[in-house]
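As given, the protein sequences belong to chains A and B, one line each in that order.
Residue numbering for the first sequence is 1 to 597, as defined by the working numbering.
Residue numbering for the second sequence is 1 to 196, as defined by the working numbering.
Think of the hints as simulated: they come from the structure by calculation, not from any bench.
Using N, Cα and C, we set each Cβ at its ideal position, and we do this for glycine too.
Among the clues, some could well be false.
[To be verified] Taking lysine-lysine pairs in the DSS-like style, the calculated list, with each CA pair at most 27 Å apart, reads:
hint	chain 1	residue 1	chain 2	residue 2
1	B	Lys177	A	Lys330
2	A	Lys463	A	Lys497
3	A	Lys129	A	Lys260
4	A	Lys565	B	Lys60
5	B	Lys60	A	Lys337
6	A	Lys524	B	Lys177
7	B	Lys68	B	Lys90
8	A	Lys524	B	Lys145
9	A	Lys540	B	Lys112
10	B	Lys112	A	Lys330
11	B	Lys90	A	Lys589
12	A	Lys260	B	Lys112
13	A	Lys337	B	Lys90
14	A	Lys260	B	Lys177
15	A	Lys7	B	Lys60
16	A	Lys540	A	Lys567
17	B	Lys193	A	Lys330
18	A	Lys567	B	Lys90
19	A	Lys364	B	Lys145
20	A	Lys545	A	Lys567
21	B	Lys112	A	Lys7
22	A	Lys595	B	Lys4
23	B	Lys112	A	Lys568
[Unchecked claim] Examples of chain A residues toward chain B, derived with CB under 7 Å:
hint	residue
24	Tyr248
25	Gln295
26	Pro317
27	Asp318
28	Ser322
29	Met335
30	Lys337
31	Arg343
32	Phe378
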Amino acid sequence: MSVTHRKQLLSGNEAIARGAYEAGVLFASAYPGTPSTEILENLISYDGIYCEWSPNEKVALEVGVGACYAGARTLVAMKHVGVNVAADPLFTLSYTGIRGGMVLVTADDPELHSSQNEQDNRNYAKFAKVPMLDPADSQEAKDYVALALDISEQFDTPVLLRSTTRVSHSQSSVSLSEPDRTTHAGKVSIVKDPPKLVMLPANARKRHVVVEERMKRLREFADTFRENVMEINDTDIGIITAGISYQYAKEIFPNASYLKLGMVYPLPEKLIREFSGKVKRLLVIEELDPFIEEQVRAMGLETSGKENVPILGELNPDIVASSLSGYVFKESVPMEKPELPPRPPNMCPGCPHRGIFYALSKSKVFVAGDIGCYTLAFLPPLQAIDTCLCMGASIGHAVGIDKVMGKEGQGKVAAVIGDSTFFHSGITPLIDAAYNKSSATICILDNRTTAMTGAQQNPGTGKTLMGEDTHRVDIPALAKSIGINRVRKVDPYDIQKTREIVTEELDVDEISVIISESPCVLLKGARRKEWEVLSVDHDKCTGCKACIMLGCPAIGWDPEGINGKGKKGRSVIDEMLCIGCTMCQQLCKFDAIVKVP
Amino acid sequence: MKDKITNILMAGVGGQGIIMASNMLSEALLAAGRDVKKSEVHGMAQRGGSVTSHVRFGRKVFSPLIRKGEVDILYSLELLETLRYTDYLKKETVIILNDYRLNPPSVSLGAKTYPEGIPELVRANFPRTTLIDGVGIAREVGNPKTVSTVILGHLSLYIDMPENTWADIMSDRLPSKILDVNLKAFHAGREIKQVA
Ligand code: SF4
Ligand code: SF4
Numbered sequence: 001m002s003v004t005h006r007k008q009l010l011s012g013n014e015a016i017a018r019g020a021y022e023a024g025v026l027f028a029s030a031y032p033g034t035p036s037t038e039i040l041e042n043l044i045s046y047d048g049i050y051c052e053w054s055p056n057e058k059v060a061l062e063v064g065v066g067a068c069y070a071g072a073r074t075l076v077a078m079k080h081v082g083v084n085v086a087a088d089p090l091f092t093l094s095y096t097g098i099r100g101g102m103v104l105v106t107a108d109d110p111e112l113h114s115s116q117n118e119q120d121n122r123n124y125a126k127f128a129k130v131p132m133l134d135p136a137d138s139q140e141a142k143d144y145v146a147l148a149l150d151i152s153e154q155f156d157t158p159v160l161l162r163s164t165t166r167v168s169h170s171q172s173s174v175s176l177s178e179p180d181r182t183t184h185a186g187k188v189s190i191v192k193d194p195p196k197l198v199m200l201p202a203n204a205r206k207r208h209v210v211v212e213e214r215m216k217r218l219r220e221f222a223d224t225f226r227e228n229v230m231e232i233n234d235t236d237i238g239i240i241t242a243g244i245s246y247q248y249a250k251e252i253f254p255n256a257s258y259l260k261l262g263m264v265y266p267l268p269e270k271l272i273r274e275f276s277g278k279v280k281r282l283l284v285i286e287e288l289d290p291f292i293e294e295q296v297r298a299m300g301l302e303t304s305g306k307e308n309v310p311i312l313g314e315l316n317p318d319i320v321a322s323s324l325s326g327y328v329f330k331e332s333v334p335m336e337k338p339e340l341p342p343r344p345p346n347m348c349p350g351c352p353h354r355g356i357f358y359a360l361s362k363s364k365v366f367v368a369g370d371i372g373c374y375t376l377a378f379l380p381p382l383q384a385i386d387t388c389l390c391m392g393a394s395i396g397h398a399v400g401i402d403k404v405m406g407k408e409g410q411g412k413v414a415a416v417i418g419d420s421t422f423f424h425s426g427i428t429p430l431i432d433a434a435y436n437k438s439s440a441t442i443c444i445l446d447n448r449t450t451a452m453t454g455a456q457q458n459p460g461t462g463k464t465l466m467g468e469d470t471h472r473v474d475i476p477a478l479a480k481s482i483g484i485n486r487v488r489k490v491d492p493y494d495i496q497k498t499r500e501i502v503t504e505e506l507d508v509d510e511i512s513v514i515i516s517e518s519p520c521v522l523l524k525g526a527r528r529k530e531w532e533v534l535s536v537d538h539d540k541c542t543g544c545k546a547c548i549m550l551g552c553p554a555i556g557w558d559p560e561g562i563n564g565k566g567k568k569g570r571s572v573i574d575e576m577l578c579i580g581c582t583m584c585q586q587l588c589k590f591d592a593i594v595k596v597p
Numbered sequence: 001m002k003d004k005i006t007n008i009l010m011a012g013v014g015g016q017g018i019i020m021a022s023n024m025l026s027e028a029l030l031a032a033g034r035d036v037k038k039s040e041v042h043g044m045a046q047r048g049g050s051v052t053s054h055v056r057f058g059r060k061v062f063s064p065l066i067r068k069g070e071v072d073i074l075y076s077l078e079l080l081e082t083l084r085y086t087d088y089l090k091k092e093t094v095i096i097l098n099d100y101r102l103n104p105p106s107v108s109l110g111a112k113t114y115p116e117g118i119p120e121l122v123r124a125n126f127p128r129t130t131l132i133d134g135v136g137i138a139r140e141v142g143n144p145k146t147v148s149t150v151i152l153g154h155l156s157l158y159i160d161m162p163e164n165t166w167a168d169i170m171s172d173r174l175p176s177k178i179l180d181v182n183l184k185a186f187h188a189g190r191e192i193k194q195v196a
């Protein structure tokens, strides 16, 4: 990114990357996860920063901690649920403190645009006893990285920088600053400091004292922190708010008085009391949990909050407006609308996952699912995913179900897990499956990328985030070394063979692994040479709908068209979308799916 | 009203080019000295779901999201998608409608029907509607994938900014391979008559 225009339009994530560059970050690690992924994707475009995709968030934080213990300014990024995975190192990192500045970005997802829950990670700041900054737009997202690193070094603590989908993915203008790439670079060194870094009980007890003292100093600091700002206007109502909620509130109540918090933990108690003294009544406007509100109430101050502002989902200007009674809405144009069919996301035309899910749906087994593009196989017509809880959970579910079902469950339980999810946290449960002698069938869907978040490298792809060639995990060899005897590969585009192998492996009374191997069709070179766009020969199509059961977005049903039997209803292929993967063709018993004539 | 903000809502289906078009739009506005905020909503997989982008500009913009009933211009790349956001529109909203139908999965599976007569319905409620055969025009200029640029070209007529600001942004941001055809597509969109 050039510095030609001083003002640039950046998304929150691009701004965080820019902020890390300007503040002299030397090391960054992450596991991709919406809405945090673009932070590292942008950071690698700057020189002089080591960036890596770690196999999961716990590892990302641990390598980041290593870098910071060696004195480097460090950024670690993850989505909200990723912090659950990284919580173990985080809580004790709070005790050891840091050497180089450490900022941990947590990108929350109110409204669950692309997540399995909408937890409010501000709670982690309180729980782990670390400060948290909460930017409200891209400019602040950039500036707060530097502030977080300064606070980190000043108070010897990791600092959480919390974003939300709306901040991470909205673009707004940002003034760039000159990067400082030298001041912090000189501090990298190995320093032994066991009382600080070895958290055995005797040391950790002493560090807990340090943590509590640090919290006390941070509380005082919060009162003077320059990003906790009072704006006194009309004093009838005083709004305490932070992050994106500030923008919605300003839009709706431009004349109210504000206390805008740049730091949401710890809260500036003196400042809040002062603000409350200046206004007639207080209102806290915040997304998700009553995090600020409860603390304000605990100060003995009266405020309104969640009785008006919803606890569920994302806020927006309309919701903020409706949170105060008496607000007049604009009438929208009254009109009669027909029923609108929804348009959920779908696996791509020709996606390799369809082959294995087609086989599983035909086997009518219980399919423990996991997190990735393939979770969408729960939708009709495939409906071949029966659980989705968290990263890596599928294998464990299958083992548990298989164990309680005993003989009854034989041949009825499978798990599916993508390659990146398997490396993230599927390996330990696979060890459990083998060690505890489960007989479930584990399908590893190896499409050689982290497709869901937009195709990132992972330990199976042979490339690093820095673009270097590297080792590749050999999944069959790994499974064998764990003690699994039955490991088979299938080509998911070969529907007949895939079904046979799935049936055979479900039948055996021991753990087996099926690796469905074919690259995500969005990857370069994934489309096979022999594939040609297909079409339906309407003279041969009988309207049996067998091909439709794949759920490929390129093949659809035309209820008005006349099929080869002279009846209404036939299949049609959209030639713009079809990539010619042949799966639908294999399902047609009447040879009606042919190359475009 | 002081500091009037202009609200543009862009709607379509993943893969149609909404994100690229809204990037061009907001970059051009920033280059012209406006305060701009842009925000997208898109679902989880790579393609095929409903996508919207909110673009707001003026002297100082706070919320990145538009309020209901406050859209000044709706840019829509797909007929059915247009109807999803009518709550956001007002009587005077300018609607630029790409005359293109893409069946969602439930329609492809034969479980739901695609509503007929959408352009007529939209026009009956919102008189400032322009229907454009974006795919046809894009084909004519040489690449059917430039639909989103054709429609953007037409949208540009409603924004007070010289054509070369747009051209500069496109030259700056688009790979040279597809620049020419996009400039042509943009221009073709500008040739279409504006509604009163
Ligand atoms: S991105 Fe790849 S893995 Fe995901 S649905 Fe599309 S083809 Fe399948
Ligand atoms: S060949 Fe059939 S299944 Fe494959 S992409 Fe084309 S329509 Fe879809």
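Earlier hints that do not hold, by number: 1, 2, 4, 5, 10, 11, 12, 14, 17, 18, 19, 21, 22, 25, 28, 32
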